[in-house]
Amino acid sequence: MNHIRVGRWISGGALVLLAGVYVRALAFTPIERSQGLAQKIFYVHVPAAWATMLAMGLVGIASILFLLVKDDRFDRFAESSAEVGTAFSLVMLTTGPMWGKPIWGTWWTWDARLTLTLFLFFLFIGYLLLRSAVTDAGLRARYSAVLGICGLVLLPFIHLSVYFFRTLHPQPIVLKPSAPSLPGPMLVTLLCSVTVFTLLYVGFVMQRYGIAVVRDESEPRHG
Amino acid sequence: MVDGMPDNGGYMVAAYIAAAVIVLTYAVALYRRGRRP
Amino acid sequence: MREMLLHAWLVLRKDLVLEWRARTAFLSTLVFTVLVLLVFNFGRDPTAIGPLDLAPSVLWVTFTFAAMLALNRAFQLELENQALDGLLLAPVSRHSIYLGKLGANLAFVVVVQAIALPLFALFFNVDVGRVLGPLVAVMLLATVGFVAVGTLFSVMVIRTRFAELLLPVLLLPFLIPPLIWAVMTTAKLFAGRPLSEVVGWLRLLAAYDIIFVALATVLFPVTVSE
Numbered sequence: 001m002n003h004i005r006v007g008r009w010i011s012g013g014a015l016v017l018l019a020g021v022y023v024r025a026l027a028f029t030p031i032e033r034s035q036g037l038a039q040k041i042f043y044v045h046v047p048a049a050w051a052t053m054l055a056m057g058l059v060g061i062a063s064i065l066f067l068l069v070k071d072d073r074f075d076r077f078a079e080s081s082a083e084v085g086t087a088f089s090l091v092m093l094t095t096g097p098m099w100g101k102p103i104w105g106t107w108w109t110w111d112a113r114l115t116l117t118l119f120l121f122f123l124f125i126g127y128l129l130l131r132s133a134v135t136d137a138g139l140r141a142r143y144s145a146v147l148g149i150c151g152l153v154l155l156p157f158i159h160l161s162v163y164f165f166r167t168l169h170p171q172p173i174v175l176k177p178s179a180p181s182l183p184g185p186m187l188v189t190l191l192c193s194v195t196v197f198t199l200l201y202v203g204f205v206m207q208r209y210g211i212a213v214v215r216d217e218s219e220p221r222h223g
Numbered sequence: 224m225v226d227g228m229p230d231n232g233g234y235m236v237a238a239y240i241a242a243a244v245i246v247l248t249y250a251v252a253l254y255r256r257g258r259r260p
Numbered sequence: 261m262r263e264m265l266l267h268a269w270l271v272l273r274k275d276l277v278l279e280w281r282a283r284t285a286f287l288s289t290l291v292f293t294v295l296v297l298l299v300f301n302f303g304r305d306p307t308a309i310g311p312l313d314l315a316p317s318v319l320w321v322t323f324t325f326a327a328m329l330a331l332n333r334a335f336q337l338e339l340e341n342q343a344l345d346g347l348l349l350a351p352v353s354r355h356s357i358y359l360g361k362l363g364a365n366l367a368f369v370v371v372v373q374a375i376a377l378p379l380f381a382l383f384f385n386v387d388v389g390r391v392l393g394p395l396v397a398v399m400l401l402a403t404v405g406f407v408a409v410g411t412l413f414s415v416m417v418i419r420t421r422f423a424e425l426l427l428p429v430l431l432l433p434f435l436i437p438p439l440i441w442a443v444m445t446t447a448k449l450f451a452g453r454p455l456s457e458v459v460g461w462l463r464l465l466a467a468y469d470i471i472f473v474a475l476a477t478v479l480f481p482v483t484v485s486e
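Chains as they are written, first to last, in the working numbering: chain X, 1 to 223; chain Z, 224 to 260; chain S, 261 to 486.
Hint data in this document are derived by calculation from the structure and do not stem from the laboratory. Treat the hints with care, as some may be off.
To be verified - Facing chain X, from chain Z, some residues (calculated, C-beta under 7 Å):
hint : residue
1    : 228
2    : 231
3    : 232
4    : 234
5    : 235
6    : 237
7    : 238
8    : 240
9    : 241
10   : 242
11   : 245
12   : 249
13   : 250
14   : 252
15   : 256
16   : 257
What the hints assert, rightly or not - To be clear about the criterion: a stretch of chain X counts as covered by chain S if any three or more of its residues have a C-beta under 8 Å from a C-beta of chain S, and this derived list gives those stretches:
hint : region
17   : 25-31
18   : 147-160
Where is the CB? At the ideal position from N, CA and C, for every residue including glycine.
Produce the complete structure using the sequences and hints provided.
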C-alpha cells in the first residue's frame with residue numbers, strides 16, 4: 001500500500017469535510033446564550049484535544065510494542081503519530097486561550113485542560129527533539145520508545161497534580177465553559193467535528209508514515 | 224445578537240482562523256514532503 | 261537480588277569516590293546554591309513581602325537546580341574516557357548500573373541539600389526545626405522523583421548532539437508534578453498547617469517515586485544495549 005497516496009486522499013477528503021464542519025458550526029448551530037459566539041470555539045478545541053490525546057496514547061502504545069517486538073514499523077508509526085500530535089496540540093494551545101479570555105477573563109489559567117495541553121506539547125516537542133538529536137536509527141528508535149513510555153506513564157500524574165492544585169485555588173470562572181449535556185444540534189456538530197479530526201489524524205499519520213518508509217529505504221537501518 | 228449575550232465573536236473568528244491555518248499549513252507541508260522525501 | 265544490590269552499591273561507590281576526588285561539580289553546585297539563596301534574599305523587599313511567601317518556592321528552585329547540576333555532572337563523568345562503555349563490559353547487570361547511578365546522584369543532591377537547608381533557614385529566618393521530619397521526608401521523596409527519571413535520561417543523551425541542552429528539555433515535564441507537590445507541601449509545613457493536610461501529597465510523591473524508579477530500572481538496559 002502506498003501510504004503517502006492513500007493518506008493524501010484521506011487528508012484531502014477530511015479537509016473538505018472540515019470546511020463543511022466549519023460552515024455547520026458557524027452558521028447552522030445555535031448560539032449558546034450565556035457564553036455568546038465564543039462558545040463555538042468548543043467545536044474546534046475539543047476535537048483537537050481528542051486527536052492530541054489519541055496521538056499521544058498511540059505513541060505510548062507503539063513504543064511499548066516496539067520494545068517488545070522490535071518491529072521498525074512501530075517506531076515509524078510512533079514518530080508519525082508524535083509529529084501529527086504536535087500539530088494538533090498546537091491547535092489546542094492557540095484555541096484554548098482564545099476561548100479562555102472571553103469566558104474566564106484571562107488568557108491562561110492552570111486548570112486541568114490547559115495545563116495538560118501544555119504538558120502534552122512539551123512531551124511531543126521533547127520527543128521530536130530527541131529523535132532529531134540521535135543519528136543512529138536503531139538507537140533513535142530505542143531512545144524514542146523509552147521516552148514515549150515514560151510520557152504515557154506521566155499523564156495520570158499530571159492530571160492528579162492539577163486536580164489538587166485546583167481544589168486549593170478556585171478558578172476565576174465566570175461562566176462554565178461547556179454545558180454538561182449538549183442540546184441535539186450542538187451534539188451533532190461536535191460529533192461531526194470529532195469524526196473529521198479523527199480522519200485528519202489518520203490521513204496525516206499515513207502520509208507521515210509513508211514519508212518515513214521512503215526515508216528508511218534510502219538509509220537502511222542498522223543495529 | 225440577543226440582548227444580554229456577550230459580544231465576543233472576534234475571539235471565535237480568531238480561533239477558527241488559527242486552527243485552520245495550523246491544520247492547512249501542516250497538510251501542505253506533508254504534501255510537499257511526500258513529493259520529494 | 262542481593263547480588264544486584266551489591267553491584268549497585270559498587271557502582272554508587274565508584275561514582276562517589278570519583279566525585280570526591282575531583283569535587284569540582286560538588287563545589288560549583290554548592291556555590292550556585294548559596295548564590296541563589298543570596299539573590300532571592302536581597303531581591304525582595306522585607307517590608308512588603310514576608311519571608312514565608314517566597315520561602316517554599318526559593319527552597320525548591322534551589323533544590324531543583326542542584327538536581328539538574330548533579331545530573332549534568334553524572335553524564336560528564338561517563339563521557340570522559342568512555343567510562344560508560346567500560347562499565348557496560350563489567351559483569352554486572354544493567355539494572356545494577358542504573359540503581360548505582362541513581363544512588364550516587366541522590367547522594368550528591370542530598371548532601372548539597374543538607375548544606376543548603378540550614379543556610380536557607382538562616383537567610384530567610386524560617387524555623388525549619390519545627391517541621392524538620394516531614395520536611396526531610398518531602399525533600400527526599402521529591403529528589404528521588406527528579407533523579408529517577410533524570411538518571412535514565414542522562415544516559416540517553418550522552419550519545420546525542422546538544423546533550424546538555426537536551427536533558428533539561430526532556431526532563432521538564434517529568435520534574436513538574438513532583439515539584440508542584442513538594443512546593444505545596446513545604447508551603448503548608450512552613451505555614452504551620454497540620455500534617456494531615458500534606459499526607460495526600462506525600463503519598464502521591466511516594467507513588468510517583470515507586471513507579472518511575474521501577475519503570476526506569478526496567479527501561480535502562482534498553483538504552484545501553486547494542
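Original post:
Honestly, which of those hints from before does the structure not fit?
Top reply: When the structure is compared with the hints, numbers 8, 14 and 17 turn out to be violated.
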